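S.K.: Given next are the chains, with one letter for each unit.
Protein chains: 2
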Amino acid sequence: MGKRIGAQTVRLAHPPAVLSFAAVGGHMEGKGPLRDCFDELNEDHLWGQKTWEQGESAMQRHALGKALEKATLREADVDLVFAGDLLNQCIGSSFSLRDTNIPFYGLYGACSTMGEALSLAALMIDGGFARRAAALTSSHFCTAERQYRMPVPYGSQRTPTAQWTATAAGCCLLGGEGDGPFITCVTAGRIVDKGVTDPNNMGAAMAPAACDTLAAVFRDTNTAPADYDLIVTGDLGKLGHDIVVDLLAREGLDMTKNYDDCGLLLFDREAQDMHCGASGCGCSASVLCGYLLRGMREGRWNRVLFAPTGALLSPTSSFQGESIPGICHAVVLSNTREG
Amino acid sequence: MGKRIGAQTVRLAHPPAVLSFAAVGGHMEGKGPLRDCFDELNEDHLWGQKTWEQGESAMQRHALGKALEKATLREADVDLVFAGDLLNQCIGSSFSLRDTNIPFYGLYGACSTMGEALSLAALMIDGGFARRAAALTSSHFCTAERQYRMPVPYGSQRTPTAQWTATAAGCCLLGGEGDGPFITCVTAGRIVDKGVTDPNNMGAAMAPAACDTLAAVFRDTNTAPADYDLIVTGDLGKLGHDIVVDLLAREGLDMTKNYDDCGLLLFDREAQDMHCGASGCGCSASVLCGYLLRGMREGRWNRVLFAPTGALLSPTSSFQGESIPGICHAVVLSNTREG
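For the protein sequence lines, the chains are A and B, in the order given.
So in numbering that gives the first Met the number 0, spot 276 of the first sequence is number 275, and the numbers just go up one at a time.
So in numbering that gives the first Met the number 0, spot 94 of the second sequence is number 93, and the numbers just go up one at a time.
Quick caveat, the hints were computed from the structure, so don't treat them as lab data.
Keep in mind the model is a prediction, meaning the values are calculated, not measured.
Take these hints with a grain of salt, some might be off.
The list treats identical chains as interchangeable, and a pair is accepted whether it falls inside one copy or across any two copies.
[Stated by the list, open to error] DMTMM-like cross-link-like pairs, simulated, lysine to aspartate or glutamate; straight-line CA separation at most 25 Å:
1. K237 to D226
2. K2 to E176
3. K69 to D267
4. K256 to D211
The task is simple: from the sequences and hints, build the whole structure.
M.R.: Structure (structure tokens):
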């Protein structure tokens with residue numbers, strides 16, 4: 000079984016393999032630079048349902064279904080699913096999984112959910128507690144806008160630091176055996192809150208948490224940024240990305256060569272008028288399950304540090320004047336079990 | 000490391016020990032039959048804070064602090080904390096842990112959270128991924144009423160099937176070594192939704208999930224209800240408890256001898272006018288961390304099946320006409336590692 004190699008990191012003894020992955024997305028995702036990486040794109044923002052929330056659940060069902068199909072597996076072959084989303088009481092996940100019989104552990108990690116779900120799924124398999132496990136999450140522009148900001152039809156003006164919640168879902172299936180990529184290390188994040196109170200500036204709120212977790216990965220695994228072909232944070236967007244580069248430079252860590260962010264990859268910020276970039280659980284999930292894992296299988300990258308970030312606020316906490324706690328959960332993905 | 004012994008259950012190879020436990024509660028909890036089991040009771044429903052939500056976070060901090068104190072441990076001795084609550088985006092947990100440096104995996108399991116958190120914490124320790132881990136959760140009558148139903152000052156009439164959300168928090172610290180009780184088996188729940196749509200009747204909505212998980216425990220571990228000194232579900236209340244007895248009787252399982260429910264234990268339903276009983280994440284958490292673990296240490300029970308239940312609805316899903324998905328996560332607690 001895996002071994003703790005530092006305060007926050009476990010190196011997996013028998014790194015679980017990615018058996019399959021699937022990403023689904025909506026209209027904007029289909030207009031973006033990663034459009035060819037999606038397994039399914041749907042112009043209907045209701046996904047055939049009556050409400051946006053039900054549509055978000057449908058996206059998760061489609062992502063899970065596609066991932067199972069690509070691995071030639073049935074629901075009964077999956078021992079555990081870890082899932083969560085941004086909706087109050089995580090109804091995107093519970094309603095998506097209602098008609099399955101898969102044992103389910105619900106998570107709340109905001110936009111870091113895919114990192115948290117992958118981490119726990121990998122640990123369960125390495126521990127021998129599950130043969131196969133799924134990591135599943137989603138976000139939806141319309142459900143998130145209504146819940147966190149304003150109903151979409153109001154047409155509110157967005158601030159320059161705002162990000163655009165992805166309408167997307169991603170599912171990654173892990174198993175003990177397979178060709179990979181493999182999850183070789185898992186780093187659990189800590190809550191970091193540097194006092195940012197602007198809910199329209201998630202990048203600045205989450206960047207310190209990303210730095211904390213990335214520094215922990217480097218420290219615990221005795222690696223440096225240059226040891227990875229690619230380092231990708233969750234959905235920090237342009238401002239958060241630049242803050243991470245600056246903050247880690249002060250610690251002597253050079254992030255200028257191989258560091259990107261899912262929030263910068265999903266959309267064309269200029270052409271699609273996305274301000275600081277993409278956000279939402281579905282952002283890092285679909286970029287991982289569409290673009291990154293595909294690129295790893297094609298040999299474009301052999302070792303990727305994937306570190307999605309989450310902002311642990313609620314509209315209530317902001318109304319009450321609280322600052323925004325951030326968190327970041329990281330996994331190391333490698334094309335070899337030793338990597 | 001632990002071994003899967005059925006579709007939903009893991010038997011832990013080296014059962015983690017309960018190192019310490021702490022329960023804190025509010026006014027009503029202090030008037031109830033378990034008043035002497037709490038480590039701290041506070042008449043101030045704000046817990047010295049400015050808002051109820053901040054008060055709920057304070058309760059979690061107190062529960063964690065008391066549990067650490069009782070085990071003579073510091074925060075730095077805890078490798079992982081699993082926490083969640085009922086508040087939108089689980090702010091009860093993220094704000095309670097903001098000032099700690101403990102790596103944190105956020106959960107959403109509604110009122111089953113203590114079962115889910117204990118399960119994952121136990122698996123992490125058995126897998127060698129953490130030396131010590133905490134399971135932490137809370138609920139607060141005033142935050143829950145405002146979010147799910149009506150602000151408390153409106154004085155709305157409650158239906159006969161309504162339950163009373165506990166103002167309480169519980170924390171249980173687990174470690175690889177210790178005198179116990181021990182967590183010997185973990186059973187992951189599946190979502191069960193039998194079509195109940197009344198959000199004022201959580202007991203009926205969750206009872207089928209409790210039956211599904213309890214039946215899985217008996218099947219996977221090859222045990223019967225009589226093999227336990229006590230079986231306790233989460234917060235089904237009077238109606239849900241009786242439904243479980245009825246439904247399991249149809250499967251030949253006799254639950255009439257040794258089965259109770261945290262929702263029936265926390266309050267005096269008659270004297271405190273609690274209708275169907277208590278509910279909330281803090282209900283099963285404080286009953287476990289106040290009454291049940293204390294009773295096990297005193298030798299009152301040697302083998303307890305603890306199975307908290309959660310209703311995975313949100314006000315939005317109810318407004319949209321959805322029925323209520325339920326879930327139940329179970330652990331077997333024993334005074335011996337073999338138990």
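S.K.: Under a CA distance limit of 25 Å, which applies to K69 and D267: within one copy, between copies, both, or neither?
M.R.: Neither: 29 Å inside a copy, 54 Å across copies.
S.K.: Within, between, both or neither: how does the pair K2, E176 come out at a Cα-Cα threshold of 25 Å?
M.R.: Classified as both; 19 Å inside a copy, 17 Å across copies.
S.K.: Within a copy, between copies, both or neither: where do K237 and D226 come within 25 Å Cα-Cα?
M.R.: For K237 and D226, only the intra-copy Cα distance (24 Å) is at most 25 Å; the inter-copy one is 59 Å.
S.K.: Quick one: K256 to D211, C-alpha cut-off 25 Å, is that within a copy, between copies, both, or neither?
M.R.: within (19 Å within a copy, 52 Å between copies)
The structure shown violates just one earlier hint, number 3.
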